[in-house]
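Colleague: Here is what each chain is made of, one letter per residue.
There are 2 protein chains.
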Amino acid sequence: MTAPGALIGIDWGTTSFRAYRIGFDGQVIEARSAPAGILKVQGGAFEAVLEREIGPWLHDGPDLPVLAAGMITSRQGWVEVPYCPCPAGSAEIARALWRHETGRGRIVHFVPGVAFVAADGVPDVIRGEETQIIGEAGAASGRRLLVLPGTHSKWALVEGGRIVWFATFMTGEVFGVLKEHSILGRMVADEADDAQAFQRGLAYARAEGGGLLKRLFSARTLVLFDQLRPAGVASYLSGLLIGTEVGEALDCLADAPAGREITVIGSSELTAAYLSAIEHAGLRGRRAAADAGAHGLFLIARAAGLVR
Amino acid sequence: MTAPGALIGIDWGTTSFRAYRIGFDGQVIEARSAPAGILKVQGGAFEAVLEREIGPWLHDGPDLPVLAAGMITSRQGWVEVPYCPCPAGSAEIARALWRHETGRGRIVHFVPGVAFVAADGVPDVIRGEETQIIGEAGAASGRRLLVLPGTHSKWALVEGGRIVWFATFMTGEVFGVLKEHSILGRMVADEADDAQAFQRGLAYARAEGGGLLKRLFSARTLVLFDQLRPAGVASYLSGLLIGTEVGEALDCLADAPAGREITVIGSSELTAAYLSAIEHAGLRGRRAAADAGAHGLFLIARAAGLVR
Chain X
1 MTAPGALIGI
11 DWGTTSFRAY
21 RIGFDGQVIE
31 ARSAPAGILK
41 VQGGAFEAVL
51 EREIGPWLHD
61 GPDLPVLAAG
71 MITSRQGWVE
81 VPYCPCPAGS
91 AEIARALWRH
101 ETGRGRIVHF
111 VPGVAFVAAD
121 GVPDVIRGEE
131 TQIIGEAGAA
141 SGRRLLVLPG
151 THSKWALVEG
161 GRIVWFATFM
171 TGEVFGVLKE
181 HSILGRMVAD
191 EADDAQAFQR
201 GLAYARAEGG
211 GLLKRLFSAR
221 TLVLFDQLRP
231 AGVASYLSGL
241 LIGTEVGEAL
251 DCLADAPAGR
261 EITVIGSSEL
271 TAAYLSAIEH
281 AGLRGRRAAA
291 DAGAHGLFLI
301 ARAAGLVR
Chain Y
1 MTAPGALIGI
11 DWGTTSFRAY
21 RIGFDGQVIE
31 ARSAPAGILK
41 VQGGAFEAVL
51 EREIGPWLHD
61 GPDLPVLAAG
71 MITSRQGWVE
81 VPYCPCPAGS
91 AEIARALWRH
101 ETGRGRIVHF
111 VPGVAFVAAD
121 GVPDVIRGEE
131 TQIIGEAGAA
141 SGRRLLVLPG
151 THSKWALVEG
161 GRIVWFATFM
171 TGEVFGVLKE
181 HSILGRMVAD
191 EADDAQAFQR
201 GLAYARAEGG
211 GLLKRLFSAR
221 TLVLFDQLRP
231 AGVASYLSGL
241 LIGTEVGEAL
251 DCLADAPAGR
261 EITVIGSSEL
271 TAAYLSAIEH
281 AGLRGRRAAA
291 DAGAHGLFLI
301 ARAAGLVR
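Listed in order, the protein sequences are those of chains X and Y. Following this note's numbering, the residues of the first sequence are numbered contiguously, the last one being 308. Following this note's numbering, the residues of the second sequence are numbered contiguously, the last one being 308.
Some hints could be false.
[Unchecked claim] Subject to a maximum C-alpha distance of 30 angstroms in a straight line, what follows is the list of computed BS3-like cross-link-like pairs (lysine-lysine):
id: 1; chain 1: Y; residue 1: LYS40; chain 2: Y; residue 2: LYS179
id: 2; chain 1: X; residue 1: LYS40; chain 2: Y; residue 2: LYS40
id: 3; chain 1: X; residue 1: LYS40; chain 2: X; residue 2: LYS179
id: 4; chain 1: Y; residue 1: LYS179; chain 2: X; residue 2: LYS179
Hints listed in this document are in silico derivations from the structure and should not be mistaken for laboratory results. Since the structure is predicted, the reported quantities are computational estimates derived from the model, not experimental observations.
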């Protein structure tokens, strides 16, 4: 038997369940994942899924604190936990942990999502990504700008370890619906990764005049005028959208320059695309450390006094 | 029998066929339409549709010139006609008419679409809308800025009766795919026209910082925070997108101010929405005269010497 560790951290999202057994040094000892996201749990049987997925860990370490973050704390999840407002660092989130006793008497500490209300009154929310942001930048001094690419990309500004601003960009979802359901997607033939088309999309995202609604149509006209091959339309569109996202995010922060470096937290493929877009915009990108989410859960647990 | 008139004008688009019998004063004597757009014509049987739809007019006026515009001149149409480049007025388009003799010996003059290639080399195209633009502004002096709302909205700048710039905005299609296929559409419940939500969308389109990819997510968070009712999400999204389009179009023209008045050519419902968005942006909107497309065909026919 291995040492049980200091903590069990869970990232329980819409489509997947990920769990980490974490040591006293904050490193991941063991990880596991299952396609058991909250949308796949029938009849609210969350406790049964938890016991099934990490029962052996709980058996070996019955006193290990358990922290769970992600959509599991949403209205569609196990327990709806109120958002923690910005600025939010590990201390603020730790104070807002939601202690829940399961049917068989185990304690699960639910990690709240984080809300940011802009000066114009429009709110934004994250639920799950906050642990990755805290894991990557929650122990850093100074300012850090991070992006978590995805269906709904998140950009976050961290100051002194606390999230002071973030924003959601619907880039991945807009890409998906345009590719699947619009006239632009219908033009795609024999789709292939096309680095040149991606770069051209990045460049056009930064063109003078107009914006995305105007520029999208170029994916059609460039093909009509034999300047883009149909197989490259998806890559072009990806470049145009990611380039637009980077431009919008930097525009949001025009009054709060966050240095010239942006940390990307994500899958390797998307991360490469974002690093390319960041470089195209004249900034420096870097990859986040591995297991940022698990490390964030560790920092929050330590701030809550659950790990000493 | 009524006088046959001076001209038969046809607007033959993707989904519908519209024909006008036009008098020597340029006024429409008789109009008809059918759901016989080019996508509904089987096996290239365009001539049969033409004879079916306007056979009686052709019988009464066998020598009437026939002009046809729209997607009928595209690769998927009857005869693919090369685009007429900008600047394009009735004279330039008249010179580029494509004379076609049908199987039974009738002459159809196909009206070319118009192409504009921006300084950055990115092309844009219209096919059909040019007759409406010419009809509304082709006989005017000075500058005119026009918008034709729709799936692919077109904005055009006309100087001395010639189209000198235009741009396509994928507003209507983006609205459609987001409403039908995205998480935002899934939030809509009991959709209803909501003028207040539309206005809020217009306002947020003009907010400081960021752009459309960021702002779209507000349609979700405003509902989460009880600031927008689910029934109003579609109206909010419509305001956000149309407001963004107006902003992008004006940004395209930042170096070429076209006065403070914008003419809207479109269906009454969409026109009302655009007039509202134009007013919200601090400009003056006006509705186009009726039958702009038919009048444009008349001006082009006259410039071609087909009507005296």
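Colleague: Could you work out which of the previously given hints the structure breaks and list their numbers from low to high?
Modeller: The structure conflicts with hint 2 only, although it agrees with all the remaining ones.
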